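Now for the letters of each chain:
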Amino acid sequence: MARKKIREYDAKRLIAEKLGLDYNAVLVTPEADLENLPLWTHTIKLTVKPDQLFGKRKKHGLVLLNADLEQAKRFIKENTNKEVTLGKATDKLTHFLIEPYLEHEEEYYLSIVSGRDHDIINFSEEGGIEIEENWHKIKRIEVPTLKDIKDLDLNVSENIEQFIKSIFEIFREENFCYLELNPFTIKDGKVVILDTVAQVDSCSVKTEFPKPFGRKIYPEEKLIENIDSNSGASLKLTVLNPNGKIWNILGGGGASIIYLDMITNLGKGNEIANYGESSGNPSTEECYQYAKAILELMCKNNGKILFIVGGIANFTDVRDTFKGFSRALEEFTGQLKQNNVTIFIRRGGPHYLEGLELIRKTCANLGLKHYVHGPETSMPEIIKIAEESLS
Amino acid sequence: MNSCELFNKSTTTFFYNLKAKPIQAMLDFDFLSKREIPSVAAIIHPGKKGYHKTFFGNSEILIPIYGDIKEAANKHPQTSSLINFASFRSAYRSSKEALLTDSIKIITIAAEGMAERQSKELLALAKQNNKIIIGPSTVGGIVAGQFRVGNAGGENENILKAKLYRPGSVGLVSRSGGMMNEFFHIISRAADGIYEGIAVGGDQFPGSTLLEHMLRYEANPHIKIIVALGELGGDAEYEIIEAKRSGKLTKPIIMWVSGTCASIFPWEVQFGHAGAKAGSEKESAQAKNRALSEAGIIVPESFEKFEETIKEEFKKYAQYEDIMEEAPNIGERRKTNFTSTISDDRGEELTYNKVPISKIISEGQSLGEVIGLLWFKKKLPDYFTKFIDMCLVICADHGPAVSGAHNSIVAARAGKDVVSSLASGLLTIGPRFGGAIDEAMKHFREACDNGLSASGFIEEMKKKGILIPGIGHRVKSKKNPDKRVELLKDFSKNFTSTKYLDYALAVEEVTLQKAENLILNVDGCIGVMLLDAISSEFSKEEVDEIVEIGYGNALFALSRSVGLIGHILDQKRLKEGLYRHDVGDVMYG
Numbered sequence: 001m002a003r004k005k006i007r008e009y010d011a012k013r014l015i016a017e018k019l020g021l022d023y024n025a026v027l028v029t030p031e032a033d034l035e036n037l038p039l040w041t042h043t044i045k046l047t048v049k050p051d052q053l054f055g056k057r058k059k060h061g062l063v064l065l066n067a068d069l070e071q072a073k074r075f076i077k078e079n080t081n082k083e084v085t086l087g088k089a090t091d092k093l094t095h096f097l098i099e100p101y102l103e104h105e106e107e108y109y110l111s112i113v114s115g116r117d118h119d120i121i122n123f124s125e126e127g128g129i130e131i132e133e134n135w136h137k138i139k140r141i142e143v144p145t146l147k148d149i150k151d152l153d154l155n156v157s158e159n160i161e162q163f164i165k166s167i168f169e170i171f172r173e174e175n176f177c178y179l180e181l182n183p184f185t186i187k188d189g190k191v192v193i194l195d196t197v198a199q200v201d202s203c204s205v206k207t208e209f210p211k212p213f214g215r216k217i218y219p220e221e222k223l224i225e226n227i228d229s230n231s232g233a234s235l236k237l238t239v240l241n242p243n244g245k246i247w248n249i250l251g252g253g254g255a256s257i258i259y260l261d262m263i264t265n266l267g268k269g270n271e272i273a274n275y276g277e278s279s280g281n282p283s284t285e286e287c288y289q290y291a292k293a294i295l296e297l298m299c300k301n302n303g304k305i306l307f308i309v310g311g312i313a314n315f316t317d318v319r320d321t322f323k324g325f326s327r328a329l330e331e332f333t334g335q336l337k338q339n340n341v342t343i344f345i346r347r348g349g350p351h352y353l354e355g356l357e358l359i360r361k362t363c364a365n366l367g368l369k370h371y372v373h374g375p376e377t378s379m380p381e382i383i384k385i386a387e388e389s390l391s
Numbered sequence: 001m002n003s004c005e006l007f008n009k010s011t012t013t014f015f016y017n018l019k020a021k022p023i024q025a026m027l028d029f030d031f032l033s034k035r036e037i038p039s040v041a042a043i044i045h046p047g048k049k050g051y052h053k054t055f056f057g058n059s060e061i062l063i064p065i066y067g068d069i070k071e072a073a074n075k076h077p078q079t080s081s082l083i084n085f086a087s088f089r090s091a092y093r094s095s096k097e098a099l100l101t102d103s104i105k106i107i108t109i110a111a112e113g114m115a116e117r118q119s120k121e122l123l124a125l126a127k128q129n130n131k132i133i134i135g136p137s138t139v140g141g142i143v144a145g146q147f148r149v150g151n152a153g154g155e156n157e158n159i160l161k162a163k164l165y166r167p168g169s170v171g172l173v174s175r176s177g178g179m180m181n182e183f184f185h186i187i188s189r190a191a192d193g194i195y196e197g198i199a200v201g202g203d204q205f206p207g208s209t210l211l212e213h214m215l216r217y218e219a220n221p222h223i224k225i226i227v228a229l230g231e232l233g234g235d236a237e238y239e240i241i242e243a244k245r246s247g248k249l250t251k252p253i254i255m256w257v258s259g260t261c262a263s264i265f266p267w268e269v270q271f272g273h274a275g276a277k278a279g280s281e282k283e284s285a286q287a288k289n290r291a292l293s294e295a296g297i298i299v300p301e302s303f304e305k306f307e308e309t310i311k312e313e314f315k316k317y318a319q320y321e322d323i324m325e326e327a328p329n330i331g332e333r334r335k336t337n338f339t340s341t342i343s344d345d346r347g348e349e350l351t352y353n354k355v356p357i358s359k360i361i362s363e364g365q366s367l368g369e370v371i372g373l374l375w376f377k378k379k380l381p382d383y384f385t386k387f388i389d390m391c392l393v394i395c396a397d398h399g400p401a402v403s404g405a406h407n408s409i410v411a412a413r414a415g416k417d418v419v420s421s422l423a424s425g426l427l428t429i430g431p432r433f434g435g436a437i438d439e440a441m442k443h444f445r446e447a448c449d450n451g452l453s454a455s456g457f458i459e460e461m462k463k464k465g466i467l468i469p470g471i472g473h474r475v476k477s478k479k480n481p482d483k484r485v486e487l488l489k490d491f492s493k494n495f496t497s498t499k500y501l502d503y504a505l506a507v508e509e510v511t512l513q514k515a516e517n518l519i520l521n522v523d524g525c526i527g528v529m530l531l532d533a534i535s536s537e538f539s540k541e542e543v544d545e546i547v548e549i550g551y552g553n554a555l556f557a558l559s560r561s562v563g564l565i566g567h568i569l570d571q572k573r574l575k576e577g578l579y580r581h582d583v584g585d586v587m588y589g
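Just so you know, the protein sequences line up as chains R and B, in that order. When we follow the working numbering, the leftmost residue of the first sequence carries the number 1, and every step to the right adds one. When we follow the working numbering, the leftmost residue of the second sequence carries the number 1, and every step to the right adds one.
The hints are simulated quantities; they were obtained by calculation from the structure and are not laboratory data. Be careful, since some hints might not be right.
[Unchecked claim] Straight-line C-alpha distance at most 20 Å; calculated DMTMM-like pairs for lysine to aspartate or glutamate:
id	chain 1	residue 1	chain 2	residue 2
1	B	Lys-127	R	Asp-148
2	R	Lys-4	B	Asp-235
3	B	Lys-386	B	Glu-537
4	B	Lys-379	B	Asp-235
5	R	Lys-323	R	Glu-354
6	B	Lys-96	R	Glu-173
7	R	Lys-4	B	Glu-268
8	R	Lys-211	B	Glu-304
9	B	Lys-19	R	Glu-376
10	R	Lys-222	B	Glu-268
11	B	Lys-161	R	Asp-148
12	B	Lys-131	R	Asp-117
13	R	Lys-268	B	Glu-304
14	R	Lys-300	R	Glu-220
No experiment lies behind these values; they were computed from the predicted model shown.
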């Protein structure tokens with residue numbers, strides 16, 4: 001749970017609703033029927049752009065402006081499921097936003113960032129795609145956490161001041177962490193938001209978040225997300241590279257990163273199949289489900305190395321968690337053996353001796369290659385032990 | 001306490017939310033560290049009160065439980081810390097209340113998943129009130145040999161292995177709680193162990209930052225070197241760099257920022273901690289490690305080299321003194337099935353609420369004073385004990401015809417022994433005989449506290465169909481007043497407050513207009529005066545408890561036992577035979 005991006009469509013719809021305005025827009029999904037668009041799309045000129053959490057769309061030539069409905073439909077049809085590469089991420093275009101096209105002169109910039117002691121407003125009368133070049137013209141206003149924006153004088157023209165204050169209140173009420181309106185303009189005395197980027201705090205906003213561009217979502221990840229949201233413990237799973245040989249059942253938010261750092265340091269980062277962590281004393285059943293999801297993916301994708309490693313837990317019961325992991329291992333014996341999987345284990349914490357003994361027995365009974373270590377073996381040492389198998 | 005110390009050997013804390021395991025873990029640490037007093041002063045658990053039984057060493061102790069923060073803080077004004085184990089749903093509210101409680105200075109929040117805006121508000125409130133927050137989403141920390149927060153440091157075996165029961169000279173700070181524990185071990189191998197270790201928590205905006213704790217370590221003369229573990233995401237490390245550059249941090253710092261793997265992943269990976277995601281190149285682990293190193297902070301070549309680097313640097317800046325101090329053995333523990341908090345017969349001398357019996361005798365203490373010790377568990381003021389004595393005398397007997405005495409007499413005449421005959425009489429005490437004190441206390445208190453007028457109260461009781469307990473007498477009336485009530489009323493001039501008595505007399509004034517015998521009777525008078533006395537001497541919660549348990553009727557039962565025994569002895573002396581009721585006196589329907 002943390003800061004998560006939401007779609008432009010959802011952000012604008014929420015803002016319009018809070019401001020009591022109409023928001024004419026259509027989010028076209030792959031399942032949408034393009035022959036059944038609302039009436040207004042037939043009568044005015046349109047703007048069409050992908051809405052998949054990535055920016056700089058204009059610079060990538062992915063924004064269609066001043067189009068009639070037929071042009072818009074053609075643009076969407078041509079681009080749907082088209083593969084696009086942005087930086088390191090490659091993904092298909094699936095979601096498009098249709099809005100009324102608006103001829104406009106001024107382009108204003110507004111962003112609000114949630115900082116440690118303040119919420120920071122950045123405003124410029126020269127917004128648009130050149131904002132980074134014009135960054136020195138930005139007006140920056142810091143609003144302390146406990147200060148009401150109503151009590152501040154922003155020193156901008158009155159209708160813009162009103163607008164910024166309303167947006168700021170929505171920002172706080174709706175638990176935004178980042179909100180960028182670039183640009184917005186004023187047409188016939190009314191503010192119109194043209195482009196939006198938004199992040200919200202997933203601890204307070206309970207919704208299904210769209211996936212980051214370039215990431216494929218696996219059902220196993222969804223399952224773990226579901227278990228996580230219903231548990232007092234923390235259980236996370238992210239598949240990074242299903243073709244990687246190295247699969248990981250990691251313990252602890254901090255230790256989990258360090259293990260992947262060390263594997264990367266050996267030059268094996270491209271073999272890391274997944275990230276994940278469990279912490280906060282998950283139950284045996286939760287651990288069983290967690291390990292099962294990872295083993296399922298691992299066996300399907302022909303993984304070779306399994307790390308069940310973590311730090312020295314403060315209060316996560318190693319015996320209970322390893323009971324769950326052992327049960328899952330037993331279920332996948334055949335495939336693990338067939339794939340000639342080697343297991344490396346290192347963990348400390350409450351009841352670790354019993355936990356380690358249990359999993360050692362399980363591995364031995366199943367005839368799996370295994371290395372089982374406790375806290376006397378340091379975190380780097382277990383990676384060293386595994387080094388040979390990794391190359 | 002120095003400002004560079006959050007906790008020391010005499011620090012005590014509140015523990016919010018009754019969680020037996022971490023509380024026991026803290027007390028075990030206390031024992032292993034040879035603390036004289038347990039670190040948990042009290043437990044706060046909404047809707048609960050009483051005591052929690054737990055081990056300190058191998059003997060059991062009782063930790064008081066309070067229903068809210070305010071009451072706990074009133075009772076323990078010296079307690080400066082609160083460890084909040086509330087869930088993320090309620091942690092904001094309770095932490096805010098703690099921040100606004102003057103005596104509580106340091107709040108540790110364990111909950112994971114607190115909304116960012118709530119964390120920010122708590123943080124701003126803490127700054128406003130000059131308080132310190134550790135967390136949210138943290139396991140806390142340890143000052144070796146002095147104080148432990150919750151589960152930090154794991155099981156006792158771990159405390160011993162990582163030598164956390166006695167101070168070393170390394171200051172440790174980390175985002176991650178798991179890694180903090182890992183480093184307790186690393187530092188016990190590579191150096192002489194930690195002096196203090198804090199995990200600030202993995203959230204976006206931890207209540208206190210890595211730097212804030214490092215600045216404390218800088219000011220703490222016991223700490224020779226500082227070890228810190230950062231993470232990708234956020235800009236906490238750049239604050240450290242600035243402090244290092246401006247000369248605010250001069251002690252050797254060994255620091256590593258984890259998350260170097262993130263750069264090879266195809267998209268921005270959200271790691272386990274909410275704050276662990278690099279939004280920009282500057283927030284990446286590589287950039288931070290580079291910048292730290294450029295600022296003169298010792299950055300190991302990789303995490304793998306961390307332990308070795310600590311070892312080398314420690315040698316340069318501190319001397320390893322092998323502290324031979326051993327931790328005491330906890331020994332065998334045996335759980336008890338009973339708890340007693342009023343008297344102790346195990347020592348040389350019997351004590352009543354810790355007062356030796358010889359002292360009670362030599363001071364010539366009255367039964368009222370002993371009741372203070374054994375019932376109210378404290379030395380009551382003079383007027384209060386005299387009032388009790390007076391009640392005991394006034395209610396001791398009311399002639400042979402009242403139902404309790406009658407039953408005792410019948411039992412005694414049936415040949416039953418003294419104790420059985422007494423029981424027979426005592427068992428008669430109830431709502432219609434002698435047992436109206438508790439009910440009178442309950443109703444008068446509720447009405448008076450709710451601000452009902454006298455006639456409003458009478459009206460309401462009538463609507464409910466309840467006769468007002470403590471009002472009305474069979475024989476006595478306005479013209480023929482009850483002398484006992486007169487004596488009690490007269491004594492009330494010694495009271496510090498007569499709020500409830502005044503209220504009851506106002507009610508009596510109204511009821512007397514309806515009938516002559518609707519006077520405030522002796523039960524009612526004792527009830528309201530007892531209310532006045534306890535309300536002056538005890539907190540609202542304690543008064544709630546006294547009224548609910550039923551101290552009023554207990555007082556009557558004790559007093560009347562004197563008279564009942566008198567009647568029994570009288571009958572036995574008179575050799576009275578079996579009593580059989582006259583059938584002529586019974587109508588057979």
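Earlier hints that do not hold, by number
4, 8, 9 and 11
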